[in-house]
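Chains A and B are the protein sequences, given in the same order. Residues in the first sequence are numbered consecutively from 1, following the UniProt record's numbering. Residues in the second sequence are numbered consecutively from 1, following the UniProt record's numbering.
Heads up, a few of these hints could be off.
Simulated pairs of lysine-lysine, BS3-like, Cα-Cα distance not exceeding 30 Å [to be verified]: (1) Lys154(B) x Lys92(A); (2) Lys102(A) x Lys133(B); (3) Lys171(A) x Lys129(B); (4) Lys117(B) x Lys83(B); (5) Lys142(A) x Lys117(B); (6) Lys18(A) x Lys165(A); (7) Lys48(B) x Lys102(A); (8) Lys83(B) x Lys89(A); (9) Lys117(B) x Lys102(A); (10) Lys165(A) x Lys44(B); (11) Lys142(A) x Lys83(B); (12) Lys133(B) x Lys17(B); (13) Lys102(A) x Lys83(B); (14) Lys154(B) x Lys176(A); (15) Lys72(B) x Lys89(A); (16) Lys17(B) x Lys92(A); (17) Lys102(A) x Lys44(B); (18) Lys117(B) x Lys171(A); (19) Lys89(A) x Lys98(B); (20) Lys142(A) x Lys154(B); (21) Lys92(A) x Lys98(B); (22) Lys48(B) x Lys154(B); (23) Lys142(A) x Lys129(B); (24) Lys48(B) x Lys142(A); (25) Lys142(A) x Lys17(B); (26) Lys72(B) x Lys142(A); (27) Lys51(A) x Lys89(A); (28) Lys133(B) x Lys92(A).
Distance windows between CB atoms, simulated [to be verified]: (29) Ile126(B) x Ile67(A): 53 to 61 Å; (30) Lys18(A) x Glu78(B): 31 to 39 Å; (31) Leu100(A) x Lys154(B): 32 to 40 Å; (32) Ser54(A) x Ile126(B): 52 to 60 Å; (33) Ser151(B) x Ala116(A): 52 to 60 Å; (34) Glu95(A) x Gly101(B): 21 to 29 Å; (35) Lys159(A) x Tyr146(B): 35 to 43 Å; (36) Leu100(A) x Gly101(B): 16 to 24 Å; (37) Glu120(A) x Lys44(B): 35 to 43 Å; (38) Gln168(B) x Lys92(A): 47 to 55 Å.
Read the hints as simulated data drawn from the structure, not as lab findings. Every value quoted in this text rests on a predicted model; they were computed, and no experiment measured them. For each residue, glycine too, the CB sits at the ideal point set by N, CA and C.
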Amino acid sequence: MGDSQYSFSLTTFSPSGKLVQIEHALTAVGSGQTSLGIKAANGVVIATEKKLPSILVDETSVQKIQILTPNIGVVYSGMGPDSRVLVRKSRKQAEQYQRLYKETIPVTQLVRETAAVMQEFTQSGGVRPFGVSLLVAGFDDKGPQLYQVDPSGSYFSWKASAMGKNVSNAKAFLEKRYTDDMELDDAVHTAILTLKEGVLTPAEIEDYLQEVE
Amino acid sequence: MSIFEYNGSALVAMVGKNCFAIASDRRLGVQLQTVATDFQRIFKIHDKLFVGLSGLATDAQTLYQRLVFRHKLYQLREERDMKPETFASLVSAILYEKRFGPYFCQPVIAGLGDEDKPFICTMDSIGAKELAKDFVVAGTASESLYGACESMFKPDMEPEELFETISQALLSSVDRDCLSGWGGHVYVV
Chain A
1 MGDSQYSFSL TTFSPSGKLV QIEHALTAVG SGQTSLGIKA ANGVVIATEK
51 KLPSILVDET SVQKIQILTP NIGVVYSGMG PDSRVLVRKS RKQAEQYQRL
101 YKETIPVTQL VRETAAVMQE FTQSGGVRPF GVSLLVAGFD DKGPQLYQVD
151 PSGSYFSWKA SAMGKNVSNA KAFLEKRYTD DMELDDAVHT AILTLKEGVL
201 TPAEIEDYLQ EVE
Chain B
1 MSIFEYNGSA LVAMVGKNCF AIASDRRLGV QLQTVATDFQ RIFKIHDKLF
51 VGLSGLATDA QTLYQRLVFR HKLYQLREER DMKPETFASL VSAILYEKRF
101 GPYFCQPVIA GLGDEDKPFI CTMDSIGAKE LAKDFVVAGT ASESLYGACE
151 SMFKPDMEPE ELFETISQAL LSSVDRDCLS GWGGHVYVV
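Let the sequences and hints guide you as you build the complete structure.
See below:
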């Protein structure tokens with residue numbers, strides 16, 4: 001990671017004790033497309049806006065939500081290419097765990113390892129932090145789980161969360177709408193309604209709601 | 001003399017009704033000379049998982065230290081004990097890492113899995129797993145042990161009967177093997 005000319009880290013402390021590069025990375029995330037996740041009683045929903053730069057783009061080629069293992073998926077807000085690198089590394093780590101223990105990796109372990117990778121890039125020579133925040137949704141022995149992983153490498157478990165543009169509106173909406181015993185279908189509905197708050201056009205909302213019904 | 005016969009060992013594990021038993025001999029030898037009569041070959045990984053290591057004693061001890069290390073880290077990270085099947089996969093992977101310079105050990109793994117279902121398995125020195133539903137054997141006395149277990153084993157034995165059976169199988173087999181013996185250690189869980 002970084003050649004010998006750059007054996008020093010580019011992420012350095014400011015006098016106030018902040019890592020400015022990480023703050024900037026979070027700004028990059030904050031201006032990315034909105035994504036959100038909701039943990040239901042029997043599953044987890046993750047959703048994101050898929051806004052393409054032009055109608056000429058082949059929408060089937062764009063995949064914003066990716067699977068890491070058959071029971072863990074991830075969505076991001078921020079720089080797409082950075083998320084692809086993380087998805088690749090996480091998938092490899094999940095497979096390595098599987099190869100060693102012949103067991104599917106628990107969600108917490110995968111999140112922990114992904115977060116460790118993100119932290120590495122804030123303390124290694126010649127590299128910059130990742131410009132994405134990830135929402136990792138998984139279902140394992142401990143039930144449905146939802147984690148957010150930030151460019152700094154810190155991770156949090158959420159019942160419901162949003163990232164990217166309009167995050168304060170989205171979170172306020174989720175706070176009002178969220179209940180602990182929500183079923184998966186309710187959660188999908190709520191996710192779409194939350195995205196609607198300043199993101200989707202009324203025509204798109206009608207479309208999606210109809211699909212769900 | 002083969003490297004596996006340098007120290008001498010006898011190991012056997014049996015499945016009972018919601019329980020398992022694992023037993024080993026106590027002799028440590030240097031070829032024909034007996035050097036210790038209280039040598040421990042069976043180790044506890046956690047309350048419901050035991051591993052016995054036959055073969056070269058130094059490799060058995062080193063391998064045990066490595067396995068305990070890995071399990072402790074697993075416990076800290078995942079905040080739970082390892083299941084026996086998972087542990088067996090781990091041992092197999094560790095042994096295969098040394099495919100071209102192996103540990104001269106044959107492990108026997110015995111544990112209780114989910115809902116206290118007994119699990120036993122053995123593997124060769126490079127990690128080829130052998131799962132069994134009734135009993136597994138390892139060590140210099142393994143051929144006698146196979147015969148003894150085959151004739152004495154019954155499925156679904158209660159712990160007390162399982163203890164008697166495994167002890168008799170072990171003692172009668174090591175009597176026919178000059179490199180193992182001097183009593184036995186038996187664990188019934």
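Going down the list of hints, with the structure as the test:
no., hint, result
1, Lys154(B) x Lys92(A), "violated, 45 Å"
2, Lys102(A) x Lys133(B), "holds, 20 Å"
3, Lys171(A) x Lys129(B), "violated, 51 Å"
4, Lys117(B) x Lys83(B), "holds, 11 Å"
5, Lys142(A) x Lys117(B), "holds, 21 Å"
6, Lys18(A) x Lys165(A), "holds, 23 Å"
7, Lys48(B) x Lys102(A), "holds, 19 Å"
8, Lys83(B) x Lys89(A), "holds, 27 Å"
9, Lys117(B) x Lys102(A), "holds, 18 Å"
10, Lys165(A) x Lys44(B), "violated, 54 Å"
11, Lys142(A) x Lys83(B), "holds, 16 Å"
12, Lys133(B) x Lys17(B), "holds, 12 Å"
13, Lys102(A) x Lys83(B), "holds, 11 Å"
14, Lys154(B) x Lys176(A), "violated, 62 Å"
15, Lys72(B) x Lys89(A), "holds, 26 Å"
16, Lys17(B) x Lys92(A), "violated, 40 Å"
17, Lys102(A) x Lys44(B), "holds, 22 Å"
18, Lys117(B) x Lys171(A), "violated, 46 Å"
19, Lys89(A) x Lys98(B), "holds, 26 Å"
20, Lys142(A) x Lys154(B), "violated, 37 Å"
21, Lys92(A) x Lys98(B), "holds, 23 Å"
22, Lys48(B) x Lys154(B), "holds, 22 Å"
23, Lys142(A) x Lys129(B), "holds, 29 Å"
24, Lys48(B) x Lys142(A), "holds, 21 Å"
25, Lys142(A) x Lys17(B), "holds, 29 Å"
26, Lys72(B) x Lys142(A), "holds, 21 Å"
27, Lys51(A) x Lys89(A), "holds, 26 Å"
28, Lys133(B) x Lys92(A), "violated, 34 Å"
29, Ile126(B) x Ile67(A): 53 to 61 Å, "violated, 34 Å"
30, Lys18(A) x Glu78(B): 31 to 39 Å, "holds, 33 Å"
31, Leu100(A) x Lys154(B): 32 to 40 Å, "holds, 36 Å"
32, Ser54(A) x Ile126(B): 52 to 60 Å, "holds, 57 Å"
33, Ser151(B) x Ala116(A): 52 to 60 Å, "holds, 54 Å"
34, Glu95(A) x Gly101(B): 21 to 29 Å, "holds, 26 Å"
35, Lys159(A) x Tyr146(B): 35 to 43 Å, "violated, 56 Å"
36, Leu100(A) x Gly101(B): 16 to 24 Å, "holds, 20 Å"
37, Glu120(A) x Lys44(B): 35 to 43 Å, "holds, 36 Å"
38, Gln168(B) x Lys92(A): 47 to 55 Å, "holds, 51 Å"
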